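Under the working numbering, residues 33 to 268 are what the sequence shown spells out, in order.
No lab work stands behind these hints, which were simulated from the structure alone. Here the structure is a predicted model, which means the values were calculated and not measured. For each residue, glycine too, the CB sits at the ideal point set by N, CA and C. Check before you lean on any hint, since a few could be wrong.
SDA-like cross-link-like pairs, simulated, lysine to any residue; straight-line CA separation at most 20 Å [claimed, not checked]:
| hint | residue 1 | residue 2 |
| --- | --- | --- |
| 1 | Lys88 | Arg64 |
| 2 | Lys66 | Ser113 |
| 3 | Lys88 | Asp70 |
| 4 | Lys66 | Arg237 |
| 5 | Lys44 | Pro142 |
| 6 | Lys66 | Glu147 |
Each pair of labels, with its calculated beta carbon distance range [stated by the list, open to error]:
| hint | residue 1 | residue 2 | range |
| --- | --- | --- | --- |
| 7 | Gly91 | Gly118 | 37 to 45 Å |
| 8 | Lys88 | Arg230 | 20 to 28 Å |
| 9 | Ser80 | Arg145 | 19 to 27 Å |
| 10 | Pro42 | Ser80 | 21 to 29 Å |
| 11 | Asp81 | Arg230 | 18 to 26 Å |
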Amino acid sequence: MPSRLRPSMPMKVIAVIPAYNEAARLAPVLSRVKGLVDEVVVVDDGSSDDTFEAAKTAGVVALRHAINRGQGAALKTGTISALSRGADVIVHVDGDGQHDPEGITALALPIVRGEADVVYGSRFLGIASEGMPASRRALLLAGRVFSAFALGIPRTFTDPQSGLRAMSAEAARRVTFTQDRKAHCSELLRAVSRSGLRVIEVPTRITYTRETLAKGNKTVDAFHIAWQLLLGAFQK
């Protein structure tokens, strides 16, 4: 499988990266992602550090929220921008270095080949994630059960909380989500699974560090996400 998408793909692939206070980690992420896609859009979600300047220095499209609105809101802003720039395939990648940029190819290829409309990267399909604590694994598995029974997401999805995903431009236009923060992951997958779009999962590697674990989902966050999702489900 080629590591770079552009030479072999007639479609325009744009990576959307939400970033909040990631000035120290963003540069190495961008240096790797830029070599794999046609364009990169970074959305600084109201950072208090130099995240926006880091994105501009890297030579990518840099957008900025005046206040911190949440990861979901940043992804919506970035996706709209990518569509306006003529993207055929949009890939969502975290800005903190957790996601392996090489996985972008595996996400985008099924869409380019016409085999899928939406592709999710799963941490539970055979590639071991580095540094994942047992507590985080248990929390993710609990989220999987909740997503299946409370939200109606098919049980075949192994990683409904995955933030590493790719979608065709058509899918991005058809599927919307309202959650501005981390609850957008399950809400988006719920919408995708009910849309009739072809959605698949591929194995992906996530690298957990002390910094990313500190800012990641905690138990209290998980309860808040579940509550927001339940409210949203009953309102529809």
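Here is how each hint holds up against the structure:
no., hint, verdict
1, Lys88 to Arg64, "16 Å, holds"
2, Lys66 to Ser113, "17 Å, holds"
3, Lys88 to Asp70, "16 Å, holds"
4, Lys66 to Arg237, "19 Å, holds"
5, Lys44 to Pro142, "14 Å, holds"
6, Lys66 to Glu147, "25 Å, violated"
7, Gly91 to Gly118: 37 to 45 Å, "18 Å, violated"
8, Lys88 to Arg230: 20 to 28 Å, "37 Å, violated"
9, Ser80 to Arg145: 19 to 27 Å, "42 Å, violated"
10, Pro42 to Ser80: 21 to 29 Å, "41 Å, violated"
11, Asp81 to Arg230: 18 to 26 Å, "40 Å, violated"
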